[in-house]
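Trainee: My request is simple: use the sequences and hints to build the entire structure.
So for the sequence shown, my numbering puts the first residue at 3; every next one is plus one.
Certain hints may be false.
[As the list claims (entries may be wrong)] FRET-style restraints, in silico, Cβ to Cβ:
#	residue 1	residue 2	range
1	A171	D207	29 to 37 Å
2	S162	R47	30 to 38 Å
3	R27	T96	37 to 45 Å
4	V52	R166	33 to 41 Å
5	G128	P5	16 to 24 Å
6	R233	D143	15 to 23 Å
7	N74	M3	22 to 30 Å
8	M3	A171	19 to 27 Å
9	V234	N44	34 to 42 Å
10	K127	N74	16 to 24 Å
11	A94	S4	47 to 55 Å
12	V125	V234	35 to 43 Å
13	N65	V125	22 to 30 Å
[Claimed, not checked] Computed cross-link-like contacts, DMTMM-like style, restricted to lysine to aspartate or glutamate with a CA-CA straight-line distance of at most 25 Å:
#	residue 1	residue 2
14	K223	E129
15	K221	D80
16	K104	D62
17	K104	D41
18	K127	E75
19	K223	E167
20	K223	E118
21	K127	E167
22	K223	D207
23	K221	E129
24	K221	E118
25	K127	D80
26	K104	D143
27	K221	D207
28	K223	D143
The set of hints was computed from the structure by calculation and includes no laboratory data.
We put the beta carbon where it would ideally sit given N, CA and C, even for glycine.
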Amino acid sequence: MSPSVALITGASSGIGREFALHYARLGFHICMVGQNSLDLQNVSREIEEVGSTSNWVLADLSNTHGILQVLNECNSPDVLVANAGITMAGRAGTAPWNDLEKMSFLLGTGVAQLIEGVVPSMVRKGEGTIIVVSSIASLIDMPNSAVYAASKSFATRYVSSLAREVGPAGVKVTAVCPGYVHTNLHRRAGLDHLEKRVPRWLWIDASTVVRAAVGGAQKGKSVVVPGLVYRVSLPFLNWSMAQKIWARITRRGRSRKGPKA
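Mentor: Spelled out as structure tokens, the structure:
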């Protein structure tokens with residue numbers, strides 16, 4: 003009998019790597035998607051060490067061609083984790099339009115395309131799990147990151163709507179919306195000053211994100227926020243004073259961007 007398959011995008015590091023190892027420990031075959039073959043090979047070796055198997059697809063998911071590459075390799079997974087992404091910060095009007103277009107597709111439309119490609123097979127089987135790694139930015143106002151927040155909001159709203167549609171068919175759909183996570187995301191985006199300026203108690207580990215996402219999916223939750231500090235503070239984060247404090251802590255320079263796995 004063939005093992006169940008987990009398709010993980012952005013699997014070469016950080017949250018994606020953590021998801022890959024989580025499902026590998028459960029005996030899933032892991033189909034990884036990323037853009038760095040060396041990093042994917044390293045994760046593949048880790049997967050072998052926990053007794054599972056894997057393959058990988060090198061694809062740029064900021065365009066439809068990349069989405070089709072992935073679907074050609076793995077169009078009927080039992081689990082899909084859509085984690086690939088970038089972050090971008092800067093004042094409105096300072097980022098190249100092409101960069102904004104790629105980010106919006108990668109974090110929004112591309113996520114929907116990938117899910118639309120696999121969800122019919124899950125519905126036919128009467129089971130499946132879809133997890134989208136969104137962001138707390140999708141739930142609050144984010145000055146200087148407006149397009150990023152809007153793109154993540156697209157994904158979160160898509161997930162919560164889809165969950166109502168396919169939940170009765172046995173398919174679990176969950177968006178996990180973390181705040182600051184210990185990964186290389188900010189460093190690769192040129193925003194490594196955040197690691198020094200943002201208080202330690204606002205940072206969580208990738209494993210916390212995975213536990214919250216998997217647990218939320220098992221409970222049938224369409225949106226989960228990992229980390230007690232974020233769950234408690236979320237209702238207040240759009241208050242004017244909270245926004246001013248956040249802006250002061252995270253103040254940064256010119257627009258920058260970078261890949262997440």
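Trainee: Which earlier hints can't be squared with this structure?
Mentor: The structure conflicts with no hint, since it agrees with every one listed earlier.
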